[in-house]
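Q: With the hints as constraints, model all of the structure from the sequences given.
Protein chains in written order, with this note's numbering: chain V, 103 to 310; chain Z, 1303 to 1524; chain D, 286 to 535.
Just so you know, the hints here were simulated from the structure itself, not pulled from any lab data. Think of the CB as a built atom: it goes at the ideal place given N, C-alpha and C, for glycine as much as any other residue.
Beta-carbon label-pair distances, calculated as ranges:
id	chain 1	residue 1	chain 2	residue 2	range
1	D	S524	V	N280	41 to 51 Å
2	D	D305	V	D296	57 to 67 Å
3	V	K107	Z	A1497	53 to 63 Å
4	D	I531	V	K107	25 to 35 Å
5	V	A172	D	D305	39 to 49 Å
6	V	H183	Z	L1413	39 to 49 Å
7	D	K405	Z	L1413	40 to 50 Å
8	V	N208	D	D305	51 to 61 Å
9	V	V117	D	G324	47 to 57 Å
10	D	S524	V	A172	27 to 37 Å
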Amino acid sequence: MFTVKNLSCERDDRVLFSQLHFTVQAGEILQIEGQNGSGKTSLLRILCGLSSSFEGNISWRGQDTQAHHAAYCQQLLYVGHHAGVKAALTAEENLRWMQTLQPLLNKGSLTDALRQVGLMGYEDVPCYTLSAGQQRRVSLARLYLSSHPLWILDEPFTALDKKGVVEKEQLIVRHVRNGGGCILTTHHDFDLPDVTIRRLNLDQLSAA
Amino acid sequence: MNFFTAIVRRDLVLALRNRNEVVNPLAFFMIVIALFPLAVSPETAVLSKIAPGIIWVAALLATLLSLDGLFKSDFDDGSLEQILVSPQSLALLAIGKVLSHWLMSGFLLALLSPLLAIMLFLPSQAVGALVGSLLLGTPTLSLIGAIGAALTVGLRKGGVLISLLVLPLYIPVLIFGAGAVQAGVMGMPIAGYLALLGAMMVFSLMFAPFAIAAALKLSIRN
Amino acid sequence: MKINMPRWFYQLASPKWSYDIMGMLLPWFAIAAGLLLTGGIVWGLAFAPTDANQGNSYRIIYIHVPAAILAQSCFMLMALAGGIGMVWKMKVAHIVAKSAAPIGASMTVIALATGAIWGKPTWGAWWVWDARLTSMLILLFLYLGIMALYSAFENKASGDQAAAILTLVGLVNIPIIKYSVEWWNTLHQPASFTLTKKPAMPPEMWMPLLVMVLGYYCFFGFLLMARTRLELLERENKSSWVIAVINEKI
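A: Written out as structure tokens, the structure is:
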């Protein structure tokens, strides 16, 4: 459902990757690997339409993502480096705002999502009183609310404890089993039973 | 429309929680005005003559000062990129943010201005013109300034640059805004000035949101 | 939204093609500029009749007026090129706009400086808040802002687009600024003598002016193409055609 053809990216006169081809089908996970600076985040930003310094074609369900940006964004949930959490708002207010932005954050209740990420009892305090890890979990709480078919996650497991990691893994598995697709970067080795995980290593590409 | 009211509400809530950011430009406005009697002359005749210009220039600078942060925090914490990867319109976002910015800057400046008019001995028949021209002129300042803020939001040193970009574009508003107050002082009709200020507001309301949206997109994708 | 344009338009988008075409045109513009400017200046300064009111001091118009005209045309060209660059994502158009900015700013400075020099014998003061001079001053500020914006971005492509947005916003504003400054000027100085309110010029006076204007345009074209070519080489410094050009020169 997600197809990338001939993707090349050059930043500051340096070729990060070129001639990238891949697809992500419903029910699949694509894990993007590579060292720091290999262009993982740049690639994800390009896939989301957050960067225009690339050449090539990206299409979602047969439609070019640039030409049909709004329709594509409707279907996409992106969790990036920045949590996108406003420090002066409470966790609940932040999630409500994100729900206004993304109509497909419509599954289950906010309280439930906050409980799932272990922020029960913190709904009413402004986010600047939370730790960096907790703020990140506010952002990740969106995964519990999301019915988007495509997830693009940049290092979703950083700042999480072991239990949190396992829970997020299960969440991702549930998402792809329900016919979703997921593209993510992580340093974390992860092997999930009964799920197709494709791997794309940006280091090997540039070496070749 | 749901999205629009949500932005305005969110930004107003944020402004109320960071009250300093609202109060500081207003304090700046008053301090700048207080400098003129000290630097030029405290005489009634002199001050009442230059009052329209001083108040307008100070309002312009205060607006500019508050604009620098308009998109900054949304850019830094990743809220802006989340908006760009959402199906919502950036132009609508721009209008919503400018509206709440104006309510917390230009609108309050206009409400505060009669007090400063008294301090500068502005003849009382011109106070109506002062408040009216500020109410109609400052939205244009916020709209045009937001273009500059959006263009410079991703830059490390945006502060002085935004003044350089935006101030030349403020000149028409300054001329007609201060002109309206001058006309009020001389007891001449001010409707024409207010109409022109209103026309500039409508005109910038039509075009600026698209320029702001394009500039934001560019700053995020940089 | 895709508008189909003639083929040469898309060829312009190719840096190499633009570089070559400009290289071919460059000497012709240089020759034309040299002839027109020399001819115009000699004609204007030595042979054109003396003005009844201003004596010989009016002759500065042969420098001043073309610079002022060009300062404004250059802004329009930048807006046009920036707009084309935005709509068709054409790098060469952005480079043309960027190369034009300092030339336009210099023309504005020349117009302002010669205006001030002319003002001294005419008005008895170096500077008068005349409507035209004030608009020119604001135009200079706009140029400076655009140039500052170009240099503020590390990523050149982003700087191009940012400056294009600002130029377009500036272009929309220029008529408003001009109108408001003129209106403001009449309000404050109703009796002032403006540089333009003169009796109609006889042909012996305006003919050399026309030659000078054409000469300035050719000179502008020459400078613009030379700067654009240089910028093209710099931006494309990794591509094979630039390497070939450099090797050829060495």
